[in-house]
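Dock chain to chain to rebuild the complex, using the hints, since each chain is given by itself in its own frame.
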Amino acid sequence: MTDGLLPLLVAVPVLAAVAPPLLCLRTTGTGWYVAAVACAVEAALAALVVRSVFLGGAVRHVVGGYERPYGIELVVDGLSAPVVALVAVVSLGVLAFAYTAGPRRNSFYSAYLLLVGGLMGVSVTGDLFNMFVFLEITGLATYALVAADRSGRSAVAALKYLILGTTGASLFLIGVGYAFVETGTLNMVDLSERLAGSYGDRAVLASFGFILVGLGLKTAVFPLHTWQPDAYSYAPDTVTTFISALVSTVAAYAVGRIVLTVFTPAFFEAVPAARAAVLAFAAVSILAGSALAAVQTEIKRMLTYSSVSQFGLVIAGFALVTSDAVLGAVVHLVGHGLMKGGLFAAAGVMAARHGARTVGDYARLGYRSPVVAGAVGIFGVALVGIPPSVGFLGKWYIAVGAVRAGAWPIAVVVFLSTLLTLSYVARLLERLYFAEPTEPTDPAVGAGTDADAGAGTGADADSEVGARDPDPVADGGARADSRAPAAVSTGMVAAIVAAAVVVVALGFATAPFEAFLERFLGGVFP
Amino acid sequence: MLESVPPFAPVLVAAVVAAVAPRRIGHAVGLLATAGVAVGSLLVAPGTHLPTALFGFETVLYRVDAFSRLMGVIFGLIGAAAVAYAHASDADARMTAAALGYVATSLGAVFAGDWLTLVFFWELMAVTSTLLVWQYGGAAVRTGFRYAVAHGIGGSLVLGAVVWQYAAAGSFLFEAATGVVGPVAPALMAVGIGVNVGFVGLHTWLPDTYPSPHVAASVFLCVYTTKTGVYAMFRAFPEGHLWIAYMGGAMAVFGAAMALLQEDMRRLLSYHIISQVGYMIAGVGIGTKLAASGAFGHVFNHILYKALLFMSIGVVIYRTGIEDITEVGGLWRVMPVTFVSYLLGAAAISGVPGFNGFVSKGIVIAEAHKSMKTLVIGSKSMPLGGEDLLWWLLIVGGVGTFMSFIKLGYYVFFHGEATIDPDDAEPGQAVPMLAVGGLCLALGLLPGTLFEVLPNTATVAEKYTTYTVPHVAESVALGVAGFAGFFALKGPLARATWIPDVDRLLNPAVFYGGRALVVGVTETFAAVDRAVVAVASAAVDVGRDPGRAAYRVVDRLPGLETAPRADGGRQTIDLRMSMGTSVFLVVAALTLALALLL
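Top to bottom, those sequences are chains A and B.
Residues in the first sequence are numbered consecutively from 286, following our numbering.
Residues in the second sequence are numbered consecutively from 1308, following our numbering.
It should be emphasised that the hints constitute simulated quantities derived from the structure, not laboratory data.
Glycine residues also receive a C-beta, built at the ideal position from the N, C-alpha and C atoms.
Hints are not guaranteed to be accurate.
Said to hold, decoys possible - Quick list of simulated restraints, FRET-style, between CB atoms:
#, chain 1, residue 1, chain 2, residue 2, range
1, B, Val1825, A, Pro672, 54 to 62 Å
2, B, Phe1832, A, Phe719, 27 to 35 Å
3, B, Phe1891, A, Phe700, 40 to 48 Å
4, B, Val1840, A, Ser483, 37 to 45 Å
5, A, Thr795, B, Leu1905, 35 to 43 Å
6, A, Phe700, B, Leu1361, 41 to 49 Å
7, B, Arg1859, A, Pro672, 30 to 38 Å
Just chain B, with the same shape it has in the complex (with noise of 0.2 Å):
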C-alpha cells in the first residue's frame, strides 16, 4: 500500500487541507502527512513504483533507494517538526500552506525515478518556496523576487542538462546513464544545480531570501532547497568529479568566512549553509562510496541542527523583535531553554564530539584526506596544498565555522546583561527543539544509529571508526583554534562588517544587464519590424502602381528626366527608341562583345 502512494502526495494534500481548514487543524494535517511521510519512507520497499508516462515520456513517479530513503525520512521528520515550530510561532495558516507545498514538491523531486520528473518538481519547488517567501509581504517581496530570478535561471539550466541528457542517454531514468553524461549536460546540470547549492557566486540568492520572511519560513527554507541540490548532485554527478569537490571546499570557507562578518542573526545561520553545504558537495565531489555516505550523512545531520539553529534564533528574534546580534546580549539568563538549544545546535554544526555533526563531517574530512591525486596545485607534499588541499580548506572552514558560532552565541547569550526581558520559548516551540536537539546528541552519542539510516551502511560500518584519538584531537584542535581565532580578531572582525558580498555587484549586474537586453531584444525588433514593414508598404506601392514607381525612380536618376502629360495627367517615360539611337545600340553591343572576345 506504501509504494502506491508517492510521498508528495499526502503532504500535497495537507497543504490544500492547511490553505482551507482552520489554522489548528491545518497543522495537525500537516503534522500527521509529513510524519507520516517520514515512517513511511523507513518502512517502504526499496525499488521502482510508479512508473508512468510523462508529457509522453517513460518516467518513473517514486523511486525508493537508500539515497531517496535517507531524504524522505529526514525531509519528513524535519517537516513535522519545523510545523509544529510554525504553529506555536504564530504562522500564518496560508504560510503553512505554502511550506507545506514547498515540501511536497521537494518529496517529489528526491523520490523521482528520472531527470523529467526530478526537474518537474524541482521548478515546482521554485515555486512553492517563492510563494512561501512572498506570502509574508514587506521586504520579502524583493528578496522573493530575486529568488524567483535566480531559481528561474538555475531551473532553465538544468531543464536544459537534462533535455541533453535525454539526447544522449535515449532515456529520461535513472538507470539509463550514469549520472549525467555527453559533452554539455554535465557543465549545464553542474551549474544549475550550483545555483540551488549555493556555488560560491552563485549563492547570493541565499542570504539574501532566508532572513526576510517569518521565522518559521525560514525553518522550512533553510533545508528543503540545498539538500534536495545536494541529493540532485549526487545523482548527476554519483562517481564524484574534482571540479565539484574543490568547488564544495570552496563554498566551506567561503560560506565561513561570510558568516563571520554578518552581524544579523539569520543571514549569519544563511551563510553557514553554504559552508556546511560545501561539505556535503566536497563528499559528493570526492566520489567514493564512504563520501558519498558522508555527504549524505551531513545532509540528514545538517538538518536537524540547522533547523534547530534557526528554530532558536527564530525565538530570539520572535520575542525581542531584534534580529541584529548586537543590539541584544546576556538572553541565556532570561531564554535558558532557547539558550540550551542552540548551544546543541552550535556544538553539532561545529563537529563537538559527541554530537551528530561530528560523525558526518568527520567522515567527509577523513575522504577528503589525501584525495585530490589527480589535480594537484603545487607540489604533491606542499604543505597547505598539494594533495591536502581540500583537507586544508574543509579544516579551515570547520574553524570559521567555530569561530561564527562562538561569535553568534557570544553576542546574543553573553556579551554584558540583557537590557530586555523577553520570555523564553513558548513550549509549542520547546518541544521540537528540544526533540531535535536531543537527537543531535544521540545520534552523536550513538552513531551506528545513524549508519544505519546511510546508504552503503556496511562499507561506512567496515571503513570508518568514529572516535578515534586522531578525530576526536582534530575536532578538539578546530575548536580551540576556534576559540583562540574569534576572541583574538573580535575587534577586526566587529570593524569589517562592511564588506559586501558579491551580489552588490552581481544584483545591479543582472538589472542593467536584464534591462539593457530587454530594451536592445525590443528595439532591435522594432527596427526590424519598421524595415520589414517599410520594404512591404515599398512592394505594396510598386506592386499597385509600377508605373509610378518607375516614374519615381526615374526622377532620382540623374540624366533621366520625365515630362507631365500634356492633358495633365500622370508623367511618362518614352521608351520608344528613335532608330538612330536602336542602330547604335547595336554597334555598341557589337563592340562590346567583341572587345571582350578578343
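With the rest of the complex left out, here is chain A (with noise of 0.2 Å):
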C-alpha cells in the first residue's frame, strides 16, 4: 500500500510549489501557510514510508507500470529512509524557524517548496538519470534561495555557486552517459547487476571518476568546496541552516548509493586504486576542512568549512564499505544535518539579537542569551563527537569501520578531526563563556585580540567588517544586517533547543539507525 505514497513525496512539494506564485496575484503574504500545509503533509507521507520500511523492508514503487530496464522506479530502503526522514523533518523544522526569521515573500516559498521536492527526489529515486533531473532541481533551487538576499553579495555568490553547480552536475550526467554507453540501461539495481565483470573497462571507470568528481562538487568536498562558503554564508541565515542541513546532506547520500548500490564493493575490490583515491580524497577534505575552519573568523564561514570536513568524514565512510563504516556514515549524515542545521539557526539569532558575526563578537554572549549560547555548546560539543550524542555515535561507527578494514590512516584522519574540531569549537566556547568583560563601544579594547571586528551593533564596530566586507545595508540602514532573522521569536528558540535535544537524544539510537540499515546492508555485503 505504501508504495503509492512514494511519488507523492515527490509530486506533493513540487505541484505545491506552483501555488505561492499564483497566489501573489492576489496577497503575497500566503506562501508561508502553504509551504506549511505541503511540508506538513510531507512529514505525514514521510512518516508513514519510513514506518513501512522500518516494518517490512524495502518499498517500492514502478512509475506507470513501466518495469525496468525501461521504466522509472522509485525505491526507499534502509539507506534512504533516515535521508527522507531527515528532509520532512528539517524542512517542517526550518519552516517553523522562518516563520518569524522571514524572508516571507511567496516567490521564496515557491523556491523553498521546489528543494524539498528535488531532495525527497533524490532520496527516493532508484534511476540514475532521474537522480541527475532532481539533481539539477535541487541545485536550481538552491541558487534561488541563496540569492534571496537580494544583497550583490549574495548575487554573486548564488552565480558562482549556479555555475559551479552546474558544471558539477555536467560531469554527474556525463558519468551516467558512460555507464549507459556500456550498460544499456539507468536503473540502479539494473546498473549494478550489467556492471559485474567489466569493472575494468575504462568506460567504466571513466563513469566513476566523473559521477564522484561531480557529486563530490555538489556535496562541496575539498577542493571542489569553493562556491560554498560564500554561498553559505552570504544566503539569509534561514536559507543557510536549510541548505547547510540538506542540500550536501542529499549530495553526500548520492556518493553512499552510487558506491554502494550502482558501483557496489566488488568494484572496489575489483579496482583497489578507486577505492584509495575516493579515502585519499575523504581524507584530504577531513584534515583541510578543519583547518580552514580553525581559521576563520566569520561564524558562519567557520561552520561552512567544518561541514566540508564533516562531509569528507561521511565520504571516507562510505568509501570503506564495512558494514560499520556505512552505519557510521549514515549516522553522520543525519546527525551532521542537524547539528549544522542548529548550528546556523543559532547563529542566525546571535545576528539577529546582538549583530554578532565573527567568534570575537561572542565574547560572553554565554550570558545574555544563555539558552542559544547553550545550544550551540550542545551542538559544537557533539561535532567534536563527545558522547552522549549523534555526532559521537557515526565518527566512532566510522572509526571502527575503518580499524575493522584495516585501513589506519583513515582512522588515524579521523582522530586528528576530532582534535581540529576541537580547536575552534572550543575556541567558540570559550569566547562565550570565559572571555574577559570588554566594553562594547571602546574600539581600541579589541585591537589585536579576538575581540575586534565587532559587528553590528553600531558605526564604529561596524568599521571592520566594512573595511573588509562593503556592504551598503551594514551602515546607516533600519537593520544592521539583511541575512539576519528579522526578529526573534520564542518558537525559533524552541525549534533550536529541540534539535539540540534531538542531537543528543540520538546519541542513543544505535538499534534504531542499525535496523534501518541491516536489511540493506545484508542485500549490499552478502
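Quick look at the structure:
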C-alpha cells in the first residue's frame, strides 16, 4: 500500500510550489502557509513510508507500470529512509523557524518547496538519470534561495554556485552517460547487475570518475568546496540553515548510493585504486576542512568549512564499504544535518539579537543569550564527537569501520579531525563563556585580539567588517544585517533547543539505525 | 616462651639501650643480650614461630631449623665476645649501639622464615653496617659510602630476585619451593648475594671497608655480612650449583693470593675473608648434604678464628697505632698473650690438625674431591683439572692461606727486634680472645662436639672421620708447602705489593659511569621537557589565535603572501576563490581522478 506514497513524496512539494506564485496575484503573505501545509503533508507521508520501511523492508514503486530496464523506479530502503526522514523533519523545522525569521515573500516559499521536492527526489529515486534531474532541481532551487538576500554579494555567491553546480551536474551527467553506453540501462539495480564483470573497462572507470567528481562538487568536498563558503555566508540565515542541513547531505547520500548500490563493493575489490583515491580525497577533505575552519573568524564561514570536513568523514565512511563504516556514515549524515542546521539557526539568532557575526563578537554572549548559547555548546560538543550525542555515534562507527578494515590512516585522520574540530569549537565556547568582559563601545580594547571586528551594533564597530566586505545595507539602515532574521521569537529558540535535544537523544539511537541498515547492508555485503 | 621472642628483638633493645645508657651499662646489656641469644638458639624448639603478615604478605618472622640454629648460636656467641672486646678497646658507646643493631638485623635475616622477611633484614643490615662504618668518621666515611653503594646494588638485585621468586612460586615462604625457582630469579639472587659474600669481581667493598673503622668495629664486620650471605646462598640453592661451586674455588684462590700481597694488617685479613668464604660457597655449591654441613661448620669455625684474628691484630693496632706490617716486628716478646691468640687463630684458619679449621675445611675439601663430574674442564683425568679442578683450587687456596698467615705472623711478631715497647692486651681484650681461641682448639680436638651443632649431625658423624692419615698428611703437606713457598717467595712478594685489585678500575668506572648516567638521564629529561614545553606552548599559541598561527605559517610557505590590512589591523589571507579558479580546481580534480583510475 505504501508504495503508492512514493510518487507523492516528490509530487506534493513540487505541485505545491506552483501555488505561491499564483497566490501572488491576490496576496504576498500566504506563501508560508502553503509551504506549511505541504511540508506537514510531506512529513506525514515520510512518516508512513519510513514506518513501512522500518517494519517491512524496502518499498518500491514502478512509475506508470513500466518495469525496468525501461521504466522509472522509486525506492525507499534502509539507506534512504533516514535521509527521507531528515529531509521531512528539517524542512518542517526550518519552516517553523522562518515564520518569524523570514523571508516572507511568496516566491521564497515556491523555491523552498521545489528544493524539498528535489531533495526527496534524489533520496527516493532508483534511477540514475532521475537522480541527475532531481539534483538539478535541487541545485536550481538552491541558487534561487542563496540569492534571496537580494544583496549584491548573495547574487554573486549564487552565480558562482550556479556555474560550479552546473559544472558538477554536467560531470555527473557525463558519468551517467558512460554508464548508459556501457550497459544500456539507467536503473540502479539493473546497472549494478550489468556492470558486474566489466569493472576494468575504461568506460566504467571513467563513469565512476566523472560521477564521483560531480557529486563531490555537490557535496563540497575539498578542493571542490569553493562555492560553499560564499553561498552559505551570504545567504539569509534561514536559507543557510536549510541548505546546510540538507543539500550537501543529499549529495553525500547520492555518493553512498552510487558506491554501494550501483558500483557495489565488488567494484572496489576489483579496482583498489578507486577505493584508495576516494579515501584519499575524503581524508584530505577532513583535514583541510578542519584546518580552514580553525583559521576563520566569521562564524558562518567557520561552520561552512567545518561542513567540508564532516562530509569528508561521511564519504570516507561510504568508501570504506564495511558495515560499521556505512552505518557510521549514515548516522553522521543525519547527525551532521541536525547539528549544522542547529548551529546555523543559532548563528542567525545571535546575529539578530547581538549583531554577532565573528568569533570575537561572541564574547560573553553565553550570559546574554544563555539558552541559545547553551544549544550552541551542545551542538559544538556533539560536532567534536563527545558522547552522548549523534556526533559521537557517527564518528565512532566510522573509526571502528576504519580500524576493522585495516585502514589505519583513516582512523588516524578521524582522530585528528576530532582534535581540529575541538580547536575551533573550543575557541567558540571560550568566547561564549570565558572571554574577558570588555567595553563593547571602545574600539581600542579589541585591537590585535579576537575581540576586534565587532560588527553590527554601531557604526564604529562596523568599520572592521566594512573594510573587508563593503555592505551597502550595513551602514545607517533600519536593519544592520539583512541576512539575519527580522526578529527572534520564542518559537525559533524552541526549534533550536528541540534540535539540540534530538542531537543528544539520537546519541542513544544505535538500534533504530542498525535496524534500518540491517536489511540494506545484508543485500550489499553478502 | 623462647619461641615467642625473635632473637633480633632483645639485641635490638640492647642496641637502643647502648645508644642512650652509660657506656658500661650499655655494653653489659649488649653482652647479656647476645649471650642470651646464643643460649636461646640452642634451646629453642625447631619449627616456624611467629607467622605474621609483612606488607600484607604471609611471612614468618622466626623460623628455627638446624641451619638457622647454628647461625644463631655462633652469631650470639661471637657477638658477646665482640661486645666485651669493644668495651675493653675503648669503643664508643654509639659504635657498640650501631654494632648491636647490625647484629640484631643479621639475626633477623638468619631466623627469617621467608624471602620477604629475609630481604627486609638484609637491607636493614646494609644500613646498620654502613652506620657502624660511618660512625668512625674520617676516611671511613668514604669507604662507608662505597660500601653502601655496593650493598645498595646487591640488595636491589636480591629484592628483584625475591619479587621474581614470588611471581614464580606464589609465596615468599621457604617451604613454597626448593630454593629459588624460575628463569631469572636464580641469576639475580646469585649475583645479589654474590655482592655480600664477595664473589670475585664483586668483592672490592670488602678489603676497602673492613680495615677502615675502629678495630672493634672490624671484629663485628668480619662476622656478620658475609656469613649471612653464605646462609642466604644455601637457602637460595639448597641443592647446590656448579657455577657457585667453582666461584667458591676461585674465591679461595683469589682471596689468598691477594692477601699474600697486602701489607696492611686488616686488609690482609679482609682478603682472607674472601678466601675462607670461598670454601663455604664451594661447600654450598657442591650440594651434597655433607658438603653443606661442612660449609656451615666452616661458617661456625671461621667466625671464631676470624674474629679472633681481627681481635689479636686489633690489639696490635690498638696498642701501637700501626697498621703496616713492615713498620712493626718482633712483638712476640712484648705482646705474648696477643701472640698466642694470633697463633691459635692462624693455626685454625690454616687448618692445622687439632684446630677447628682442620675439621670443617677438611669436610669441604673431601667433598670437593672428584666432585665435579658434570662440568669438566679439559679431560676428566687431566692433572690439576678435570673432575678435581675444584679440589685443586681449594688446595691451592689452603697453601695460600698458610703462606699469608706465616707472612702476617712473621712480619708482626718476628722479623727483627721490637723497636717499640707496647703493652700487651688489656685483660678485657685478653679474656674474649683466649676464650675464643680455646674454643677453636677445643672444637678441633673434639670434632664430635662441633658435629652436634652442625646440621645433618648423623650424616656427618657417619660419613666423615676427622683424623685419618690422609687428612693429616694433606694438612701437613699444605703446611710444608706454605712454609717453603713463603720463605722462597718472601723477596718477590715484598716487591709485588704494588699489584692493584680490580677496584682501581671498578671505583672510577662506577663513579664516572654513575655520573654519566645521572647527567645523561638529567639531560635527556631536560630535552624531553623542553620539547614538551615547546609543543605545548606552540599548541597554546595556535589555540589562542589560530588565525595568527595560520598567517605565520603562510609567511613561511613559498608562493603565498599575506598583506597588511588597509586599516593597519592584522594581516589577512584571502581565502575566497574566484569562479575561474574554482572551475580550474574542478577540472584539475577530475583530471587527477581520471588519471588515477584509467
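Hint check for leucine 1905 of chain B and threonine 795 of chain A - Cβ pair distance inside 35 to 43 Å | holds (40 Å)
Given the hint of 41 to 49 Å, check if phenylalanine 700 of chain A and leucine 1361 of chain B actually sit that far apart at their C-beta atoms.
-> holds (47 Å)
Okay, phenylalanine 1832 of chain B versus phenylalanine 719 of chain A on CB: inside 27 to 35 Å?
-> holds (33 Å)
CB of phenylalanine 1891 of chain B to CB of phenylalanine 700 of chain A, is that within 40 to 48 Å?
-> violated (33 Å)
Is 54 to 62 Å a correct range for the gap between the Cβ atoms of valine 1825 of chain B and proline 672 of chain A?
-> violated (46 Å)
May I ask you to test the hint 30 to 38 Å on the CB atoms belonging to arginine 1859 of chain B and proline 672 of chain A?
-> holds (35 Å)
When you take the CB atoms of valine 1840 of chain B and serine 483 of chain A, is the distance between them in 37 to 45 Å?
-> For serine 483 of chain A against valine 1840 of chain B, whose Cβ atoms are near 59 Å apart, the range 37 to 45 Å is violated.
Hint compliance for this structure: hints 1, 3, 4 are broken, all remaining hints hold.
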